[in-house]
Amino acid sequence: MARFNLTINGKQFSADVDPAMPLLWALRDVLNLTGTKFGCGMGLCGACTVHLDGEAVRSCQTAVGSVGNKKVTTIEGLSPDRSHPVQRAWIAEQVPQCGYCQPGQIMQAAALLAKNPHPSREQIDQAMTGNICRCATYQRIRRAIQRAAQGEA
Amino acid sequence: MPTDSIVDRRHFLKGGAALLVGFYLPTRGRAENRRVSGPETLEANAWISITRDDRITLLTEIPEMGQGTRTANAMMLADELEADWSTIRVEQAPTIPEVYKHLGTGGSGGTAGSWMPMRTAGAQAREMLLAAAAGEWNVPKDECQAQNGSIIHTPSGRRLRYGELVEAASRLPAVKPDQAPLKNAKTFSFIGKPIPRADTPSKVGGAAVFGIDVRVPGMLFAVIARCPHFGGELTACDGSLAKAVPGVRRVFRIPPIGLTPLTPGVARKLNVAGGMAVVADSTWAAIEGRNALKMTWSKGPGAQESTESLRMAFQQQAAGPPSFVAVDRGDALKVLEGAGKRIEAEYELPFQAHATMETMNATVHVRGDGTIEVWSPTQIPAITQAEIAALAGVAPDRVTVHTRLSGGSFGRRYQWDYAAEAWQVAKEMKVPVQVVWTREDDIQHDFYRQYFRYRLSGALDDRGNIAAWAWRAVSTPIRSVFDSPESLKDPKHVASQEIDSSDLLPYQTLNYRSDYSPVQSVVPRAWWRSVSSSAEAFAIECFIDELAHAAGADPYQFRMQSLRADQAENSQKLRRVLKLAADKSGWGQPLAPGHGRGIACYRFGGTYVAQVAEVSVDKGGTLRVHRVVAAVDCGLAVNPNSVAALIEGGINYALTPVLSGEITIKDGAVEQSNFHDYQVLRMADAPEIEVHIVPGGKEPGDGVGESGVPPTAPAVANAVFAATGKRLRRLPVRPEDLKTI
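These protein sequence lines map, in sequence, to chains A and B.
When we follow our numbering, the leftmost residue of the first sequence carries the number 1, and every step to the right adds one.
When we follow our numbering, the leftmost residue of the second sequence carries the number 1, and every step to the right adds one.
Treat the hints with care, as some may be off.
[Claimed, not checked] Residues from chain A shown here face chain B by an in silico Cβ test under 7 Å; the list is partial: (1) 41; (2) 42; (3) 52; (4) 66; (5) 75; (6) 99; (7) 125; (8) 134.
Since the hints were derived computationally from the structure, they do not count as laboratory data.
Remember, it's a predicted structure, so these values are computed and weren't measured experimentally.
Don't be surprised by glycine CBs; every beta carbon is placed ideally from N, CA and C.
All chains, please: the whole structure from these sequences, using the hints.
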């Protein structure tokens, strides 16, 4: 066990955990930030996606001890009031069904658009295909990303 | 700690104000406010409460798992109430069975089943508010009208908001259902319109609370090591290393739960595997502790069972005598024997996992006073309450189940095995415990979609009509998983979740036979989105396609002309959706080289769906689904946006078993363990989807949530035939079945 100081959503957090503990479980079970979801524990589904210095990473594969000074952004911190263009587009397209995978989908999409503001359909599919949705809202996710890219949300 | 224990609530319900018809007060705080300062809240009935500041809380009995019924229920209530949509909050009804009698959902019946009760409750509240306003103004009630959260006195234009009427309405007697006229459909404000779902904002902001997100002060986390072989047992366990993992609190054994008397006179198998529980400060520590366990398991009764052994049993049962003949009309077997043109085909569909994104989990607190609190993602809060009580040997009112959002369900959370496990662990710990299933637990300990094999024989007469149709369904029956040996002596009962025993084949033939044979298996099976229909539609709709081809007819036209004359309404609705799907998909128009179109239709409950799939197959045998066009007749679509979303989701869900999903068995255990080997549909393989809803309908039909699934696999398989001339008769598709090089 060791003490880690983490910058999450612009705030300082302190957690006394095993350095090997995946960031996912530190967020959920230690820091009570439950917006980031557990899906597979193997980096296969993307439900746990967060940003480390703006890069989309799988928090189930990111040990707390490896975060260092990097800034963590979770779904709770993407915007204070669900006003991020991707979140607005998600509402406009009525994407979520059960909604469980959507924090991961939104974080992945936000990272994609930050790097590539006008992705093609193929680029969207490629960037998002690591994120599983079992309600299978894929078509709406595609439309929402295109909407956000066009600044329509 | 939560203060809304069942004891407080029930006490309040008995001693509440005159208007209280059983409305639940989510916190003691609200109840106390009311007692201290008079009517702050109008509890019009068990479903609607209105505060002085115009906040309206609507309760729903239907758990939300992504199907949107929570919103549809609110729309029905709000419409009759003439509420301002922006003031509405929806909450889950509590487990008080004497008030909330239908707490739970299954069979895609949520919206249809709520249609009259929710509208009536809304109308009752509206009439109370109308009467209250008329009393305040001392005018006849029929001079007043309800509109957008206010009552208006039409002649004078005076207006009172609902919040301003709380006190006056609270003094009035409750309105009986027959005194509350329902609105004319022409004046609906919300019903029939694509209203955004009520819970979308919380789901895009990360604030939505799913079962796995429940956090209770003092809680611990647990995982369970279960025997990988179904029915096998733990023979030895060394937990010393697990106990040494930092954060691990306790390691102990929990027993399996099998046949249990859960309701008087009825024993049911619970299928809780038992095993070793590891309780820790975090889920991660519990998982690490479990990884450090040294365990030996016996292989149990399924030691010899494998997908290969099952396949052999299926082939035998498909050829041998049936256990149950469901329908034998005319003389199908004789006509087939003498037929000049006889068509035969067998179709095989393996086990499938539900694989909800939120794995199974439940949080349970067993208190010193014997009360039990359960927080669960579940389709069945009422059953969970009653059966946990039976298991614990306490009265049902000692058990409270808080229904939390389900991260998908698709039938899986119609079981409550995971809540039973959490109860097993929590009663040892005396503090709240959340039992979490890892993805491996979830894939390996599901209640799978049954394994099916169908054998079909058909004959055509000289004019291309269906002269005879006979089919054998073989499956690993659901009933055998749960029911007592006594009830399983009846072969009809065993078949009852596997085949439709009534004479409901939608196509016309004078000679028809449908029979069934079971295959025994240790693999647990239960309801999976559309249940047997997911396989039955594949058999019927692929075979009708094969008959169409044998008749030299267009598959769409052959269906249209072969639908039964003696089931006029059913046939008319199927024709309508077939035509709509064909028209919108450009049926008959040229396609890109190598592409093919296939069509299929199916009725599920009160919902009729036809789909046209467009596919291509490359030389290596890789199948791509490019586009699916669906037509839906679900009666009145209460929220067309939700109906479209569910059909889209159903189509995508059905593509996993076609393209990649398969649960296989070895040594009585599941061979797959996570999304790398149980491969589900991903975005890159998700086709373009169009959903067209047949307008009109007086009331909602049931079945929408599942109805999108059945036609997809046969539409794709028929498209594969159109593209390649090859029949896809076993799922999932294997490139070697389709490759041309």
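* To do: Just pull the numbers of the violated hints for me, sorted ascending.
  => The structure conflicts with hints 3 and 4, although it agrees with all the remaining ones.
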